Amino acid sequence: MVTLKEKTESIEKKQRDHNRNEDLDDAIETADEKLTDYNQELSDLSGKLKNLHHRSEVLTEVFEQEEVPSVDTVRENILQIAETNPEDLVDSLNKGGLDSQKKTARDLKRSTDDAIDDCIDKLDEIKKDWETRTSTAESISQITGDDGVSAGLIEDIRQFVRFNCRKRSSSVGELDNEWKGLKARWQKTQVNWESFQSQHNLSDETITILKKLADDESVSLDSTKSETVAELFEVAALRENLKLSI
Amino acid sequence: MSGTGDNRDDLEFPQSWNDDVVDDYIKPESQQKSREQFIDTHIPIDQIETEWLKPHPGVREFVSQEEFRDAILQSDVEDDNRIFILQGETGSGKSQLCQWLGYQIGGQNDSHGDNDQHVALHVSRSETRIKDILEIFTEPLDMDVSTKSLDGLDPEKVAGFIREGIYAMAENIQGADTDDLRKLSADEGSITLRGILEENIEEYQSVVTSDGERDLPDLINDRDYRDLAMDAFGAVRGRNSIFPVLRDEIHNILSRHLGVGDFRVKLEELSQKYVEEGIRPVLICEDVTTFSFLKQDLLDHLFQLDAGSLDVVLGWTTGWEQDNLDRALGASNNVQTYMEERAEGYLSTTDDSGRAHFLDENVSVELVRKYMSVIHENSENRVHTEQSAYDNLYPFNSNFIRRAYDNLVDRGDERRTPRLLLIRVIQECLNSYDPPFVTAESNPYLKEFPVEIDLGYDSVHKTISKWYGKKTLDGNVAVPIEVAETFNVDYETEWVRESESGSEIVYDAGGFDLSLSMSLDGTRSPGNEISFRANVDNQRQEDVMFTVDGEEVGKTDGSGEVDFVLPNKETEITVTAEKQSLSTTNSYEIAPDTLDINPSKKLVEPGENLRLTVTYNGEKIEDVELVESGQPVGETDASGTVVVSPEINGDSLKYEVEYEGLNARQTIETKDPAREFPVNTELSPDEVKRRETEYQSWVSQGEEYDSSDTLIDGAVSVLQRFDTPTELRNPNALSNAGDAIYFDRGDHIPISLQGAYDSQASLSAELPFGIDNSEIYKVLFWTGIGEDGLPDSSMVSTDYDKLRGWANDIVGRFREDMRATIEECLPDEMGIEEFIVYYRFLIHNTSCGRMEINDEIVLAELESQYVDYDSPMKKRFNETDGIREAYGDLMMNKTASRELAKSFFLLKGGRGKDREGWFVDRDRLDSAMETVRVNRDRFLKESMQIDTSDLPAAFRVKSSRSASKTAPLDRMLEAMRETAREIINLDYLNDADHVSEDAERVNEWFDKSLKTEEIKQEFKTVLDAVDDLPVANKEDVVEWEKTLKEIDGKLALNKLESEITHFKDIESSGSELVSDLHAFESTLENLLAWNVYNDLGEMIEEVDDYNPGNEDSFDKRVRQLDSYTKYQTCQNKIELQLENL
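Chain order of the listed sequences is A and B. For the first sequence, the positions run 1 to 246 when the numbering used here is used. For the second sequence, the positions run 1 to 1141 when the numbering used here is used.
One thing to keep in mind: the hints can contain errors.
Stated by the list, open to error - Rough simulated footprint, nothing fancy, chain A against chain B, three-plus residues with beta-carbon under 8 Å:
1) 999 to 1011
2) 1017 to 1023
3) 1095 to 1104
What the hints assert, rightly or not - From the derived model, a few chain B residues whose C-beta atoms are all more than 12 Å from chain A:
4) F38
5) F62
6) K157
7) Q174
8) V207
9) D227
10) I279
11) H376
12) T472
13) D537
14) T571
15) R665
16) S684
17) Q754
18) S847
19) D923
If you're looking for bench data, these hints aren't it; they were derived computationally from the structure. No experiment lies behind these values; they were computed from the predicted model shown. For glycine and all other residues, C-beta sits at the position ideal for the given N, C-alpha and C.
Isolated chain A, as found in the complex:
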């Protein structure tokens, strides 16, 4: 038979238990919030790494360039996160928070962004080089009246360097095959200089200059004989297409 007093005491204990449980609930709730924030940072970082990985591979695998140096920096820093012990993280939560972890993750996101930017710069250079080369090829075609380099190939190359190589949906292997194909087609395309020389009765020297010009090299007028210049201008097609700079 429990007396009222005894009953009251047991109720008081129940009250205390209840209050303790309520405090712990609060702490867990806070930890959950913090952990959720941190997970978001990691998730962002993971996305950026994927981006970097793709671009870096396009540069090295497809265009056969050197890896940009900043990628390596990223690689080193990331170890801090990848190698963290989850128990340490729980400990950090218990002790107050994940502020330092969050900072590390943010820094790493920034250095990853930098490395991505470096890769993009490199790709821009490649694009610029190929735009010049395809443009010259179009001019020579007109000089020689030869339709050796097809407009379709030029367009495909331009499409690849401008857009295709930047698409993250395309796998590196696919891009590599596509680029190799384009390059093979490009190399097979040659100007028929001999028939051009005999048709216009040009000297060998003039043909050499033209080949240089066609390869987009610059030719100095000073080093060029006046007969050669005269020859160049006698050919009506060259007169219209060559842009000589003094």
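Use these hints to put chain B onto chain A, whose structure you have.
Same frame as chain A, now just chain B:
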């Protein structure tokens, strides 16, 4: 007044006539009699009303038969047609007058010397065939006009002939469309012209050959045409266009066929012939109504005044011209104007109500006397009878004839005509084997009228007195002893009284209020001979002594008159008339210049017009103001006349005029049949008499009758006058406190009449028939007839004590019935008083939990806030629970039950509050309360069995008979029954479980060792925990906090202990359980300690149900988080990316 022969088969009486003589003299048509018979029975027709009569000087309203004859004879041989229209009801003397004219004008019997050029052509009702008329027309001329008659022809062939003529000649018939006529005359469809004609011709032939009074039919009438048109056109059209054309053509074809040719041309020829012969024919057509299809031709000829030289008397039955004249005349404009322009006179033998002018009550007696006299003379049966006892009218007397004449009806309408009186009453009585009073009693041509003598007499006496009796001056009814002896009617010798006219049987009639009146007939100029006339009860009175200025003049004769020569000087005489106890006095001025007011009649009834003509020395004078009872009622016109429609509210009307310094007065006797009654009523006198007759028959024999409502209304009214009969309350009460029980059906006590009427109410007071009751019933009957209470006691003797005694008796029995009917529904030993006490107990038990039965619960008002806690009835039961409904119904009558208690238990109520000034009927209340105390539980059980299905819904509790706010008693009984059932059904296990549960809870933590402060502390601690823990709802916590605040002084812990003991093991039932439920709610409301412990218990129960639960560490719970799992996934992914990079 008993033991006399009531069997009419035993009656034998001497016949002083032969049936064939009766039939010879009394005939429907005056022309059916011989000239001698006619003269023997002719009564001069001296009252023929004239609308106008051109040759006659002046504007007299009435002319005599001679004056009418003379007006007709004013013509010369060559004068154009002159027409006199004579209208009147059937049998009102038209034929008699025409016959008289026929005998008076022309021929060898001409009694009027200087008119030998006139000859009467009398066409009677039965001589209206073409052949008859032409024969009558040609007879004085010795001409032979051969015509064929329709009589002997084959109707089928004639009809076919006419039909074919119309069909074939349709194109040539003017005025109607050929197609329409062909359609109408085609032999197609179910109704054909041929069929109609055939039928009507057959009817015509049958009427012509019969002796009956039927009119000759038209060959086609309006109804025939409607049927024919409906069949031919599918609609009734052409009634005013095609029909007249068709009808004329039918007549034309038939006339040609009968050799009449053009009837009008023939009439013109005849008329011319008369002129040539120097004879002026007077065509007397008794009834043009009967002229059949020649009407139009004849009337056209007559009204085309210059077409002939005839005097014409044209009779027709009143009302005929309204429907038929325009059609017969073919006149499109106003027929009245048409006739006025052409007719010399327009006369009538009857007034608006169908009464023959010339035949008043006295003339009717004369008429019958004349007939009886010739019948006696011509009969071989000369049985000696004492004629004087019968006024020379044996087997009738003058009272008999007057009554018969006064009550003549024909198919419900009043029609006082000689023919009806003679044929339907006199001839019927004379031809019957039964005595005349028996035959008359069942004659459909006589209205019913009541007996005047005491109803205790045997019916034969009642009937004899009704027909032969005359009122005596002392207000009874006397019949000559010879009448009883002639008809072998037994009588008691003490009824016989000697009078001037011989031995009479005098029947007790309870007394009439009779008065004597006099009048002076003649011109009041000095030396002139005049006559005084005496009337009693509107009848001429014999043997009245007249005295002038103290000197006896003489007694009135059989016609109620006595002659007197006025003094030969200007003076004023004082005249007194006297007979037995009756007398009257008048004074008259005698002067050389006389101013007189001459009335058109001496006796006026309600609704009748009176024409008063003022003459000065015999000359009519204009512009004289006539004054009636001090009020001017008009000025005389050019003919000296004022017409008044007087309002009748006295015995006589007094008229006065002043002219040339002279005064003339005229007193007109009035007869308002309604004033013969002892009450005021709007019912017609005939209706009152009919009802009285029916009532008299019921009171004697107890048979069903139509006007039983009258007696019932009277009974109701009389009962209401003495008491409130349908009311049940404390009979000893000195004043009417409270609401009584009423039997509220209709607005009065239901009355049944034994044998005649069953009120259909579940309770009613029955009035048994029987003449023993007639003294009371007579008062009831007249009260029922009247509009304002009891009858005039001078006319209907009324013993008020007896009447009250009767009313008390009826009411007493009715109330006993009321009580018995109600108590039949109640448990044994529960009377109405116990019912009231028990109802009041139930109200207090259910609303307050009270168990005692005392004055207060019975009589005191239940306070509007009768408990200071939530009623368990409302708190512990749902609205849909039976007990809630029963309780609601019970309480609905809480006021009614208290008012009822007041009306049954108070001797006198008071106005003050708290029953101040009340006098309680101690014995009645104490007895009822004691019975209820003793039987309380049994009443509860037996109340469940109350069955109100036989209790009339009319029982209602209300403050007065007319109060509109009522409580139906059956609903009260039902409310009591339902409440009893619900209380019996209450069960402590189900209905008091909250009580025991609460008591258990309180008991569980109740600790006697704890003091108030300690209890408070414990309460606070537990409340604090409950407040922290997610266990109780807010409202509960607020309640508990309130309880905590209330713990202020010391808690009544001893009381608590005893209450716990009481409620913990509650096992009561019935009213005790109801009481316990109330006590419990009271404890909850008022015992704080109970609430403290109850709340503690509730709080502890809440906390007991709660478990704080989860005891895991922080780390463990983090690892259980979803976010932690997600973190691990992210980390692994990055690790993988690092490897690939």
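Hint check:
Residue count for the segment 999 to 1011 of chain B with a Cβ under 8 Å from a Cβ of chain A: 3. That meets the three needed, and the coverage hint holds. With 3 residues having a Cβ less than 8 Å from any Cβ of chain A, the segment 1017 to 1023 of chain B passes the three-residue criterion, so the hint holds. Check on the segment 1095 to 1104 of chain B: 3 of its residues sit with their Cβ under 8 Å from a Cβ of chain A, so the three-residue criterion for coverage holds. Every C-beta of chain A lies more than 12 Å from that of F38(B), the closest at about 135 Å, which supports listing it as non-interface.
Remark: the non-interface label on F62(B) is consistent with the geometry, its nearest Cβ contact in chain A lying 125 Å away (cut-off 12 Å). At roughly 124 Å from the closest C-beta of chain A, the C-beta of K157(B) stays outside 12 Å, upholding its exclusion from the interface. For Q174(B), the non-interface assignment is confirmed: its Cβ lies about 116 Å from the closest Cβ of chain A, beyond the 12 Å cut-off. Listed as outside the interface, V207(B) is consistent with that label: its C-beta sits roughly 123 Å from the nearest C-beta of chain A, beyond the 12 Å cut-off.
Every CB of chain A is more than 12 Å from the CB of D227(B) (nearest about 107 Å), matching its label as outside the interface. Under the 12 Å C-beta cut-off, the non-interface status given to I279(B) relative to chain A holds; the minimum distance is some 148 Å. At roughly 132 Å from the closest C-beta of chain A, the C-beta of H376(B) stays outside 12 Å, upholding its exclusion from the interface. Once the 12 Å rule is applied to beta carbons, T472(B) is consistent with being away from chain A; the minimum gap is 113 Å.
For D537(B), the condition that its CB be more than 12 Å from all CB atoms of chain A holds, with the nearest at approximately 112 Å. With a minimum CB-CB distance of about 133 Å to chain A, T571(B) clears the 12 Å threshold, and the non-interface call stands. The Cβ of R665(B) sits about 120 Å from the closest Cβ of chain A, beyond the 12 Å cut-off, so the non-interface label holds. No beta-carbon of chain A is positioned within 12 Å of the beta-carbon of S684(B); the least distance is around 99 Å.
The Cβ of Q754(B) sits about 85 Å from the closest Cβ of chain A, beyond the 12 Å cut-off, so the non-interface label holds. Remark: the non-interface label on S847(B) is consistent with the geometry, its nearest Cβ contact in chain A lying 38 Å away (cut-off 12 Å). Distance check for D923(B) against chain A: the nearest CB is about 60 Å away, which clears 12 Å, and the non-interface claim stands.
Hint compliance for this structure: no hint is broken.
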